[in-house]
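Chemist: Using the sequences and the hints given, assemble the complete structure.
There are 2 protein chains.
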Amino acid sequence: MGNDRLTQIVSLCRRRGFVFGGSEIYGGLSSIWDYGPLGAKIKKRIKDIWWDTYVDKREDILGLDSAIIMNREVFVASGHLEGFADYLVDCPQCKKRIRIDKIEKVSENNYRCAECGSLINILESKPKRFNLMLKTNISASEDSPQEAYLRPETAQGIFTNFLNVLNTTHKKLPFGIAQIGKAFRNEVTTGSFIFRMKEFEQMEIEYFVKPKDADRYFDYWVNERYNFYIERIGLKKENLRLREHSKEELAHYAKACIDIEYRFPFSSRKEDSDGEWSELEGIANRGDFDLTQHSRVSKKDLTYFDDEDNTRYIPFVIEPSAGVDRTFFAVICDAYDEEEVKGRKRVVLKLKPTLAPYTLAIFPLLKNNYTIVELAKKIFYDIKNKMPTIYDDTAAIGKLYRRQDEIGTPFCITVDVESLSDGKVTIRERDSMSQERISIYEIEKFVKEKVKD
Amino acid sequence: MGNDRLTQIVSLCRRRGFVFGGSEIYGGLSSIWDYGPLGAKIKKRIKDIWWDTYVDKREDILGLDSAIIMNREVFVASGHLEGFADYLVDCPQCKKRIRIDKIEKVSENNYRCAECGSLINILESKPKRFNLMLKTNISASEDSPQEAYLRPETAQGIFTNFLNVLNTTHKKLPFGIAQIGKAFRNEVTTGSFIFRMKEFEQMEIEYFVKPKDADRYFDYWVNERYNFYIERIGLKKENLRLREHSKEELAHYAKACIDIEYRFPFSSRKEDSDGEWSELEGIANRGDFDLTQHSRVSKKDLTYFDDEDNTRYIPFVIEPSAGVDRTFFAVICDAYDEEEVKGRKRVVLKLKPTLAPYTLAIFPLLKNNYTIVELAKKIFYDIKNKMPTIYDDTAAIGKLYRRQDEIGTPFCITVDVESLSDGKVTIRERDSMSQERISIYEIEKFVKEKVKD
Chain A
1 MGNDRLTQIV SLCRRRGFVF GGSEIYGGLS SIWDYGPLGA KIKKRIKDIW WDTYVDKRED
61 ILGLDSAIIM NREVFVASGH LEGFADYLVD CPQCKKRIRI DKIEKVSENN YRCAECGSLI
121 NILESKPKRF NLMLKTNISA SEDSPQEAYL RPETAQGIFT NFLNVLNTTH KKLPFGIAQI
181 GKAFRNEVTT GSFIFRMKEF EQMEIEYFVK PKDADRYFDY WVNERYNFYI ERIGLKKENL
241 RLREHSKEEL AHYAKACIDI EYRFPFSSRK EDSDGEWSEL EGIANRGDFD LTQHSRVSKK
301 DLTYFDDEDN TRYIPFVIEP SAGVDRTFFA VICDAYDEEE VKGRKRVVLK LKPTLAPYTL
361 AIFPLLKNNY TIVELAKKIF YDIKNKMPTI YDDTAAIGKL YRRQDEIGTP FCITVDVESL
421 SDGKVTIRER DSMSQERISI YEIEKFVKEK VKD
Chain B
1001 MGNDRLTQIV SLCRRRGFVF GGSEIYGGLS SIWDYGPLGA KIKKRIKDIW WDTYVDKRED
1061 ILGLDSAIIM NREVFVASGH LEGFADYLVD CPQCKKRIRI DKIEKVSENN YRCAECGSLI
1121 NILESKPKRF NLMLKTNISA SEDSPQEAYL RPETAQGIFT NFLNVLNTTH KKLPFGIAQI
1181 GKAFRNEVTT GSFIFRMKEF EQMEIEYFVK PKDADRYFDY WVNERYNFYI ERIGLKKENL
1241 RLREHSKEEL AHYAKACIDI EYRFPFSSRK EDSDGEWSEL EGIANRGDFD LTQHSRVSKK
1301 DLTYFDDEDN TRYIPFVIEP SAGVDRTFFA VICDAYDEEE VKGRKRVVLK LKPTLAPYTL
1361 AIFPLLKNNY TIVELAKKIF YDIKNKMPTI YDDTAAIGKL YRRQDEIGTP FCITVDVESL
1421 SDGKVTIRER DSMSQERISI YEIEKFVKEK VKD
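Line order of the protein sequences matches chains A and B. Under the numbering used here, the first sequence has 42 at position 42, and the numbering climbs by one with no breaks. Position in the second sequence (first residue = 1) + 1000 = the numbering used here.
Derived from the structure by calculation, the hints contain no laboratory data. The model shown is predicted, which means the values in this text are computed figures rather than measured ones. A portion of the hints provided could be inaccurate.
Not close to chain A: a few residues of chain B, all C-beta gaps over 12 Å, as computed [to be verified]:
1. Arg1016
2. Asn1071
3. Arg1072
4. Cys1094
5. Glu1104
6. Ser1107
7. Ser1125
8. Glu1153
9. Tyr1253
10. Ser1278
11. Glu1339
No farther apart than 20 Å at their CA atoms in a straight line, the calculated lysine to aspartate or glutamate pairs in the EDC-like style are these [as the list claims (entries may be wrong)]:
12. Lys135(A) / Glu1187(B)
13. Lys1378(B) / Glu59(A)
14. Lys47(A) / Asp1052(B)
15. Lys1386(B) / Glu449(A)
16. Lys378(A) / Glu1059(B)
17. Lys424(A) / Asp453(A)
18. Lys378(A) / Asp1060(B)
19. Lys1057(B) / Glu59(A)
20. Lys1255(B) / Asp1213(B)
21. Lys1386(B) / Asp60(A)
22. Lys386(A) / Asp1056(B)
Virtual Cβ for every residue (Gly too), placed ideally from N, Cα, C.
Modeler: Quick look at the structure:
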C-alpha cells in the first residue's frame, strides 16, 4: 500500500510537471532532480512563506545569502572534512555497495546485506571511508589547483558571517540569522524519489542565545517549527511527530537534537529506502561548538560582549534546519487523495490554498461559443493580476475540473450562456466539489475570504 | 572620480552589511561574495519582481527550477566543453597571467601587457586554453569517478527540459520557460567588486518562437527588458544603453545579440577591470542551435508540431539573460548619492521604494521617555506586518536619519511628546528630507500611496 501510494504520487509529479529527473534526456543523474513549472511554483511558495515568517516579519532574525562554494578551511573547522563520511562495504556475495550504518548488525563484526541477506564480516570486507562533500577546483590555473567545496549545509555560511553580521547590525542576544539556499552531499544511499538528493535546498536558522537560555530556546524552536508545518504549510497533525535523538545518535556538534518527522508513504525501512516516519527537519542545540571551532581555526575573535552581564563569551546556538525539497514532498504526499466519484477515480491534491500553483481556474462552458469565451477571457484578464489564475478551454468541462483537481487548484469558475445575461458564474470548490452561482463582481472577494494564510 | 565613487559604494556595502567577502574569516575566496542582511533583502526583491512579472503574471511563460549539477553530455551538446574557454598567457616580464582577449593587440602576434606595458609575443609565450566550467565528482566511489559540471548558465536546464515542459503543459508557440538560479564560471579576470563572480545568480528566459517570428520577438524582448530596468527596477535612463554585438563578437550559438549596458562607476577599460559601460543583460537570438544540438547528442526528438501550419520543426529561441548580482550592483550604484547638507556630507541611497530593505523606520524622539518609546513601539508592532519596517532607538535623531538614508529607507517616522496628546507623528521623506505631521492612523495609507510598483 505504502509503495502503491508513492508510485501514484511520483507518477502525478512526473505527468503534471511538478518534478522531472535531472539531465533526464541524457539518462539522468542519480539523486538529482529538476522542478517543472508547477513544482517550481509550489517550491517558491514554501520558501517565501518561511522567509516572510522568519526574516521579514521578525525583528530578531536577519537574512543572509552566502555563497555555495566555500574555503577548504571552513570545513576543517566545522569537522566536515574529518567527520562527514559514510562507511561503505561491498557485499562479498551480491557485490552491492552498502552503507554500514544502514544495515542490520548481527554480531560484533557481522552485518547482514539488505540486498541478498548474506553475512558481511567487516574485518574481511574492510569498509571504506567515503567523504560526502563535493569538491571542485577554483584555481585559474590547472597546474596549481585550489580545492574548494560545495557546502554540505547552509549553516556554515552563517557561522563564518557571524562577526560580519554582528558588527554591521549591532544585534543583541538572542538573535538569529536565516538563510535559504542549495547544499550538496554526495549521498550513497539514494532512492525514495526526492527524499534524499545530492543537490538539495535548505532553510536554516542559527538562533544565537545566552548559554543559560539554550534549553529554553531549544524547546521554543521545536514548538515553533512543529506548528509552522501545521499552520502555515497545512500538513496534517497525524502525519507529524517529534523524535528525540539518543545520545549515541547525536551528531558530533550537537548537545541535543529533535527531529520533526513526517509519515512519508515509504515501505518499511531497508537499505536504499527510508522508513515511513522520516526526518523533515532537525532542531539541534549546537552549543558553542561551531563558533568555537571557527574562532580557533580562523584565529578571529568570535565572542560576543554581553553588556547586561558585562562578560564576553561565545553564544550558544539553536538550529532549526529544514529541507525545502522534503517540505515540498511532504506537502504533495499530505495533499494527495484518491476518491471514487460516480464510479470513477478522482485524483485530487488537497493543498493548502496558499501553496497551490493556481488559486483559480477560469473555463468557458462552450469553447466554440465566441461570446462565452470572450467573457471568460475578460474575467481571466481582470483577475489574474490579483491572484494566481489559469485559463483553460482545451477540453470538456468534466476533464477541465479533473485537471485542476490534480494540481490542487482550490476554485474553478465556469462561464456559461446564462452568465451573459445574469452576470453570474458557477464557482466550484475543489475538496467538497460543491458549486454555487456568484456574481462576476464578487469573485475576488469570495475567493480571498476563503484563501487565508 | 569613477574609482572614488566605486570605493565609496564598496565601503558602504561592507559597512552596512549589504555584501561581505565569501569565506572572509579564512582570507576569502577570489570573486566569491556573500550577501549580508540588507543585501539579501534587496536581492530577493529583485528576483521576486522578475518572477512576478514574467512567471506569475504572464500566461505565456512557465517557471522552472532545475539542478545546478548537470550531466557532462549536456555540455558536449551545448558546446561549453569544447568552446567555453579563455586563452591565458604569462607576461614574460612581470609574470602576471593575463587573458589574451582583454589586452591590446599591437601587431599580428604581439600584445601589450596591461600590467607592465611590455610586449608579449604569443608565438613565444604560447597562450594556454583554460576551460571556465567547474567540475566535480558525483560518484559514490572514489575509484571510479563520475564527472559532472556546475552549470555555467541556467539556460541549459531549460533546453534539456524543453520536451518535459512541452509534454506536460501542451503550450503552443510562442511560449517561454523562465528560471532563476546560481551558475558558476571559473573566471580568470576578477576585480570590479561583484561585477564578475565565480558564483553568481541568473534570471533567464528562453522564449520559443516560430522561426519566422524570431526577429520580431528579439526586438520585443530588447524593448521589454530595457523598460523593465527603468520601470520596475528604477534605474536612470541616462545610465542605460543598448549595444549590438558585431559579427566577430557573437557567441557561437547566437544569430544576433544586444547587450543592455549600465554605466558602472569603473575606471576606463584595462585588464582586471571593466569599462564604464558594461553588460547588465544580453538578449540573444540563439536560433535553433541549442535544441538542435541537444536533439543530436541525446538522440531525442525535440521538434515541435505546429498544428496551424501542419509542420514539425525545431523552434527558434530568444534569450533575455539577466544577472541578479549585476542588477543588484547597478541598483546600488544608481541609487548612491552624496549630498552636502548644512555643511556635512549626507550619504543617501535613493532606491526605488519597492526595492528598499525597509519601507519605513520608526523612532522615538527621546529614548529615555518611557511613554514615547511605548507609543513608538506600539506603532511599530502595528505596522510591521503591513510593510517592511524597522525600529531604532539606539542614537540621537539626526544619526538615526543618517543611518536610514544610507540604507535607502524612503520614510522615517518620529514619535515625540506632542504625539502623546495630538496622535500625530512626524514623517520625513528620504530624498527631499521634507517633513510633515500626520495622524498615526494615516501612516499606512500615506506610505502605501507613495510606494507603488
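Chemist: Next step is simple, just say for each hint if it's right about the structure.
Modeler: Here is what the structure says about each hint:
{"no.": "1", "hint": "Arg1016", "in the structure": "6 Å, violated"}
{"no.": "2", "hint": "Asn1071", "in the structure": "4 Å, violated"}
{"no.": "3", "hint": "Arg1072", "in the structure": "8 Å, violated"}
{"no.": "4", "hint": "Cys1094", "in the structure": "16 Å, holds"}
{"no.": "5", "hint": "Glu1104", "in the structure": "21 Å, holds"}
{"no.": "6", "hint": "Ser1107", "in the structure": "27 Å, holds"}
{"no.": "7", "hint": "Ser1125", "in the structure": "15 Å, holds"}
{"no.": "8", "hint": "Glu1153", "in the structure": "15 Å, holds"}
{"no.": "9", "hint": "Tyr1253", "in the structure": "18 Å, holds"}
{"no.": "10", "hint": "Ser1278", "in the structure": "20 Å, holds"}
{"no.": "11", "hint": "Glu1339", "in the structure": "23 Å, holds"}
{"no.": "12", "hint": "Lys135(A) / Glu1187(B)", "in the structure": "18 Å, holds"}
{"no.": "13", "hint": "Lys1378(B) / Glu59(A)", "in the structure": "14 Å, holds"}
{"no.": "14", "hint": "Lys47(A) / Asp1052(B)", "in the structure": "15 Å, holds"}
{"no.": "15", "hint": "Lys1386(B) / Glu449(A)", "in the structure": "18 Å, holds"}
{"no.": "16", "hint": "Lys378(A) / Glu1059(B)", "in the structure": "14 Å, holds"}
{"no.": "17", "hint": "Lys424(A) / Asp453(A)", "in the structure": "28 Å, violated"}
{"no.": "18", "hint": "Lys378(A) / Asp1060(B)", "in the structure": "17 Å, holds"}
{"no.": "19", "hint": "Lys1057(B) / Glu59(A)", "in the structure": "31 Å, violated"}
{"no.": "20", "hint": "Lys1255(B) / Asp1213(B)", "in the structure": "14 Å, holds"}
{"no.": "21", "hint": "Lys1386(B) / Asp60(A)", "in the structure": "17 Å, holds"}
{"no.": "22", "hint": "Lys386(A) / Asp1056(B)", "in the structure": "10 Å, holds"}
Of the numbered hints listed earlier, those contradicted by the structure are 1, 2, 3, 17 and 19.
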